[in-house]
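Participant: Sequence:
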Amino acid sequence: MSKRSSKTISSSESSNRDDDFNNSSQQIKKHFIVFVLGDIGHSPRMQYHSLSIAKLNESNHHVDFVGLYDSDPHEQVLNQKNLKINRLASQWWNWVNYVMRIHFLFFLVFAPLKVILQFLVMSIQLSYIFNRNPFGAHSTPKKILLTQNPPAIPTLFLFWMLQKINLIKLDEYIIDWHNYGFSILALSRKNKYLIKFAQYLEFNFVKGCATHHLCVSEKLKEDLVTRLKIDPTTVTVMYDRPPEMFGKNLSSSERNGLLENVLKIDTHRNFKLIVSSTSWTEDEDFSVLLSAIIDLENKLKNMSSPLYLEFVITGKGPQKEYYLQKIASLNLNYCKIQTGYLSYSDYTKLLASSDVGVCLHYSSSKLDLPMKVVDMFGSNLPVCAIAYDALPELVKHGQNGYIFKNKNELTEYLEELLLSPEGSTTLKSMREHLKQNFQTHRWDDEWNNKVRPLL
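For what it's worth, full-length UniProt numbering labels the leading residue of the sequence shown as 1, then goes sequentially.
It is worth saying that the hints were derived from the structure and are not from the lab.
Hints may contain errors.
Straight line, CA to CA, 20 Å or less: simulated DMTMM-like cross-link-like pairs of lysine to aspartate or glutamate [stated by the list, open to error]:
{"no.": "1", "residue 1": "248", "residue 2": "75"}
{"no.": "2", "residue 1": "272", "residue 2": "297"}
{"no.": "3", "residue 1": "84", "residue 2": "39"}
Pairwise CB distance ranges (calculated) [said to hold, decoys possible]:
{"no.": "4", "residue 1": "330", "residue 2": "266", "range": "13 to 21 Å"}
{"no.": "5", "residue 1": "39", "residue 2": "333", "range": "34 to 42 Å"}
{"no.": "6", "residue 1": "78", "residue 2": "267", "range": "30 to 38 Å"}
{"no.": "7", "residue 1": "256", "residue 2": "87", "range": "32 to 40 Å"}
{"no.": "8", "residue 1": "308", "residue 2": "163", "range": "53 to 61 Å"}
{"no.": "9", "residue 1": "163", "residue 2": "229", "range": "15 to 23 Å"}
{"no.": "10", "residue 1": "406", "residue 2": "195", "range": "20 to 28 Å"}
{"no.": "11", "residue 1": "200", "residue 2": "421", "range": "51 to 59 Å"}
{"no.": "12", "residue 1": "412", "residue 2": "333", "range": "20 to 28 Å"}
{"no.": "13", "residue 1": "252", "residue 2": "412", "range": "31 to 39 Å"}
{"no.": "14", "residue 1": "264", "residue 2": "163", "range": "47 to 55 Å"}
Keep in mind the model is a prediction, meaning the values are calculated, not measured.
All residues carry an ideal CB built from backbone N, CA and C; glycine is no exception.
Please model the complete structure; the sequences and the hints are all you need to start from.
Facilitator: Here is the structure:
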């Protein structure tokens with residue numbers, strides 16, 4: 001890969017490249033396999049990759065998007081004619097998940113079984129998908145694999161093995177690093193030998209195997225280059241950027257339709273809307289927001305004119321029921337908390353209708369960036385986000401949001417933005433900063449500058 005691929009491309013260069021692409025690549029058939037060992041519907045970055053690749057050349061590109069199908073992806077992904085969704089046969093290993101949760105000893109016994117089942121089932125499915133020719137027998141398309149990491153186990157070892165035994169042959173193999181799998185495992189499993197083994201599997205079967213790497217932050221790139229001892233020019237930072245579907249202006253009828261009919265909010269009273277999207281996992285401590293809400297409730301009781309704070313928490317995850325029980329035990333009069341899972345369309349409307357976003361994502365590696373903040377920024381929504389090493393690459397404290405370290409700081413910032421007379425002025429300034437510095441650079445701009453040259 002050339003050094004040029006990791007640099008921003010000017011408009012004139014982009015125009016020339018478009019002409020070169022149309023002339024030189026017009027007849028080259030390319031079969032792309034985009035893989036994620038996770039729910040396709042909850043993998044927006046891989047959805048956007050698939051769609052961008054498919055739209056790049058509809059007659060000569062075919063995209064097989066492979067993953068679990070627990071929820072629907074965006075309708076554009078479903079309707080793209082040269083993009084096919086392939087569901088992994090997860091029923092063969094899903095039952096193991098329930099057994100592993102019983103006790104740590106069960107985890108030690110059944111985790112390897114799950115990996116073996118995944119390996120066997122995916123080997124069969126992927127071998128078929130890779131060796132299928134979507135263009136017919138009279139063409140020999142280039143085979144290009146783009147896979148998400150994490151999950152690392154058994155994904156990275158699987159593709160290494162399939163290439164070694166010649167079940168698949170690749171012209172390009174690109175890994176898109178969103179985080180590190182071993183760091184996520186370390187949140188729930190404290191056995192240091194298990195973590196070291198997971199770390200070995202994650203990095204040992206990548207060296208000399210992948211032709212290029214994508215990652216979501218400069219911090220992650222620096223760490224990846226050091227760990228893998230690879231040429232920095234083979235790693236491209238592609239920041240998450242919102243697609244055009246985020247940030248559309250809503251009419252008053254659309255906004256009221258969402259608030260009144262979907263969220264059941266009384267729009268006739270004085271209220272502010274706060275949104276937080278969480279995975280209800282160990283790396284997102286919801287208790288921080290819950291404590292801040294209790295503090296805000298006490299402050300609202302003493303206000304001369306009544307104000308209500310409507311908190312909408314979206315997402316699914318293992319700790320959701322635990323926190324729902326805690327929420328139910330609270331006696332809140334001025335702060336209302338509702339949780340649920342919204343459709344893609346309603347979620348974009350929610351972000352466009354909100355006053356402030358809250359991000360509790362505390363990266364397991366401290367190196368990734370929260371895509372939920374990207375969506376919020378794409379909707380011109382200022383954010384309060386919990387601090388960690390890489391976050392300042394995205395959240396500029398005091399300019400497009402606030403970075404907080406604990407529940408006291410979160411309470412302080414929410415009080416300033418939502419309860420103080422100066423709050424509306426601060427929010428207006430933050431929205432203007434987002435409009436000038438973030439919304440002008442969308443997913444297509446970032447993808448065309450960073451990823452398209454690799455293809």
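Participant: Now tell me, hint by hint, if it's right for this structure.
Facilitator: Outcome of the hint check:
1. 248 with 75: holds, 17 Å
2. 272 with 297: Roughly 13 Å between the alpha carbons, so the hint for residue 272 and residue 297 holds.
3. 84 with 39: holds, 15 Å
4. 330 with 266: 13 to 21 Å: Because 20 Å falls inside the window, the suggested range holds.
5. 39 with 333: 34 to 42 Å: At 37 Å between Cβs, range holds.
6. 78 with 267: 30 to 38 Å: holds, 33 Å
7. 256 with 87: 32 to 40 Å: For residue 87 against residue 256, whose Cβ atoms are near 38 Å apart, the range 32 to 40 Å holds.
8. 308 with 163: 53 to 61 Å: holds, 58 Å
9. 163 with 229: 15 to 23 Å: Because 21 Å falls inside the window, the suggested range holds.
10. 406 with 195: 20 to 28 Å: holds, 27 Å
11. 200 with 421: 51 to 59 Å: holds, 56 Å
12. 412 with 333: 20 to 28 Å: Taking Cβ atoms as reference, residue 412 and residue 333 lie about 22 Å apart, which means the hint holds.
13. 252 with 412: 31 to 39 Å: About 32 Å separates the Cβ atoms of residue 252 and residue 412, which means 31 to 39 Å holds.
14. 264 with 163: 47 to 55 Å: holds, 53 Å
Hint compliance for this structure: no hint is broken.
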